[in-house]
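Chemist: If you're matching them up, the sequences are chains P and Y in order. Taking numbering that gives the first Met the number 0, I'd label the letters of the first sequence as residues 0 to 295. Taking numbering that gives the first Met the number 0, I'd label the letters of the second sequence as residues 0 to 283.
Be careful, since some hints might not be right.
[Claimed, not checked] Below, a sample of chain P positions facing chain Y; criterion: calculated Cβ distance under 7 Å:
1) S35
2) S59
3) G62
4) Y105
5) V119
6) L124
7) L134
Note that these hints are calculated values from the structure, not bench results. These numbers come from a predicted model, not from an experiment. Glycine included, C-beta positions come from ideal geometry on N, C-alpha and C.
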Amino acid sequence: MQTWKRMWARNGVGYLFLAPWLLGLFTLSAIPMGASLYLSFTEYDMFTSPEWSGLDNYVSMFGDDKWRNSLQVTLTYVFLGVPLQLLFALFIALLLNRGIRGVRIYRAIYYVPSLFGGSVAIALLWRQLFGREGLVNTMLGAIGIEGKNWIASPDTAIYTLIILLIWQFGAPMVIFLAGLKQVPTELYEASTIDGAGKWRQFRSITLPLITPVLFFNLVMQIISAFQAFTPAYIISGGSGGPLDSTLFYTLYLYQKGFTHFQMGYASALAWFLLVAIAFFTALIFATSKKWVYYQE
Amino acid sequence: MKAVKIGSGRLRLSWIHIIISLAGLIMIYPLLWLVSSSFKPALEIFNSTSFWPKTVTLEHYLQGWAGLSGVSFGQFFGNTFFLVGMCMLGNVIACSMAAYAFARLDFSLRNIWFAIMLVTMMLPFHVTVIPQYILFNKLDWVNTYWPLILPKFLAVEGFFIFLIVQFIRSIPRDLDEAVKMDGGGPIKLYLYLIVPLSLPALITTMIFTFIWTWNDFFGQLLYISEIELYTVALGLRMFLDAMGQNNWGALFAMSTLSLIPLFVVFIFFQRYLIEGITTGGLKG
Chain P
0 MQTWKRMWAR
10 NGVGYLFLAP
20 WLLGLFTLSA
30 IPMGASLYLS
40 FTEYDMFTSP
50 EWSGLDNYVS
60 MFGDDKWRNS
70 LQVTLTYVFL
80 GVPLQLLFAL
90 FIALLLNRGI
100 RGVRIYRAIY
110 YVPSLFGGSV
120 AIALLWRQLF
130 GREGLVNTML
140 GAIGIEGKNW
150 IASPDTAIYT
160 LIILLIWQFG
170 APMVIFLAGL
180 KQVPTELYEA
190 STIDGAGKWR
200 QFRSITLPLI
210 TPVLFFNLVM
220 QIISAFQAFT
230 PAYIISGGSG
240 GPLDSTLFYT
250 LYLYQKGFTH
260 FQMGYASALA
270 WFLLVAIAFF
280 TALIFATSKK
290 WVYYQE
Chain Y
0 MKAVKIGSGR
10 LRLSWIHIII
20 SLAGLIMIYP
30 LLWLVSSSFK
40 PALEIFNSTS
50 FWPKTVTLEH
60 YLQGWAGLSG
70 VSFGQFFGNT
80 FFLVGMCMLG
90 NVIACSMAAY
100 AFARLDFSLR
110 NIWFAIMLVT
120 MMLPFHVTVI
130 PQYILFNKLD
140 WVNTYWPLIL
150 PKFLAVEGFF
160 IFLIVQFIRS
170 IPRDLDEAVK
180 MDGGGPIKLY
190 LYLIVPLSLP
200 ALITTMIFTF
210 IWTWNDFFGQ
220 LLYISEIELY
230 TVALGLRMFL
240 DAMGQNNWGA
250 LFAMSTLSLI
260 PLFVVFIFFQ
270 RYLIEGITTG
280 GLKG
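Between the sequences and the hints, there should be enough to build the whole structure, so can you do that?
Modeler: Structure representation (structure tokens):
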């Protein structure tokens, strides 16, 4: 009795406040994670009970051309889109950080696309912008170039999605700006006296000092780009077309799980996604010792 | 010499101004075009290159607002505001409670739970979504808002807990002592000191919940298929499917309307947004 009382006195209130989160952790995260791992080794269509199939889902995954294609589309999107997005973000942040007037207004203008970018409305707009009679072609027409339907062409559709990703560079830019403000101005003054030019200053002072911010942005943007769904769904009308050229990994997972009700296979896809994201994140962490500079 | 230097400096600064305002204009031009097109008559949207509408018309708004299958867009907006409001409430209550426990209370396994929470922040939701769907389907909650709201009341979004924890840690402990001296227990401490003082972090939480829920599509697509329950995002998708390329005007009009709440939040709470992005690394 006494020990119970003491345990309650020590832990009761803490666990009381933690209760909703703990309940969520078990019912919505931990148990579902275990369940989806189990389902990934079964065949399950939601109507009959799951049937154990061992590694079948994983084996057929590696032989699935559509899966391999969706992985390739996603990797292109992530590893072409995110670096370009961060490049723009850093470039504009550097310009904004030069003590010009109206920084807040510029920052706001550049941030707005990040705010709207994930919405259905913007994906719809994109579908029009890059369509045959869209704004992009109207503008190209004005300078005498005849465009095509960028969305409906398998070789260009993915690039319209990458442009949409780059267009949302405002959020990482805001983080870069905050990082740039932390760089002590004395360093620039001292190096100017030593005769260092602007480029030299950028290479030797600015860039090393903001590598932690770059690292942070890189990890966060890669994780979120892997999970992009809405733009591909809306732009391709849910199909991932034309010719599966915008079939994002998450879109394929959605189709398998919730249109074909192959929930076992979809669970295997989800676990592979988790492993892929963890792999690339770990890779960036491992290389970070070489290029991320932490001040003492 | 000095005057020349200042002069060239100014010149360089104005070059920067030109570059960033031009780039900024290119960035937001599609949005401005969206708004202007929503007021143009159907034929003019594609045939005219001019930005300003020659004739301003509200027909797309009227037509769009009327909705489809007898359900108006007003209903979609109402539904979305209800959903967003409940999600905000859930996140604020549950995340601030968990954050208070992590930041101020002492209990066994605290650090382990905290580490687990940090890990859950990084997990792609795809590894839980299928069993969650099966669960909510068993509970007969498909085609209700429960699958979208309940997780918020169970604080599944660790980002917000982390953000509030950081904030609570910056509140001086001396203030806790004052409450304790007055005979207040941990619950009083939470209600009368921590909640009011961490209001900025709570507002940030609400703002981001608003934006994320408003923009969420996957969850709503998954759980809501009854048109009376449609949100704005689902309504727009249905519009696209039903009218296809034939009625861009109404689509543009409703798209414009769907962005207004986000824009209003942005205008009034910009400070909190920037705070959330820079301190919590919340994505915009």
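Chemist: Evaluate each hint against the coordinates.
Modeler: How the hints compare with the structure:
{"no.": "1", "hint": "S35", "in the structure": "holds (5 Å)"}
{"no.": "2", "hint": "S59", "in the structure": "violated (17 Å)"}
{"no.": "3", "hint": "G62", "in the structure": "violated (21 Å)"}
{"no.": "4", "hint": "Y105", "in the structure": "holds (6 Å)"}
{"no.": "5", "hint": "V119", "in the structure": "holds (4 Å)"}
{"no.": "6", "hint": "L124", "in the structure": "holds (5 Å)"}
{"no.": "7", "hint": "L134", "in the structure": "holds (6 Å)"}
The structure fails to meet hints 2, 3 from the earlier list, while all remaining hints are met.
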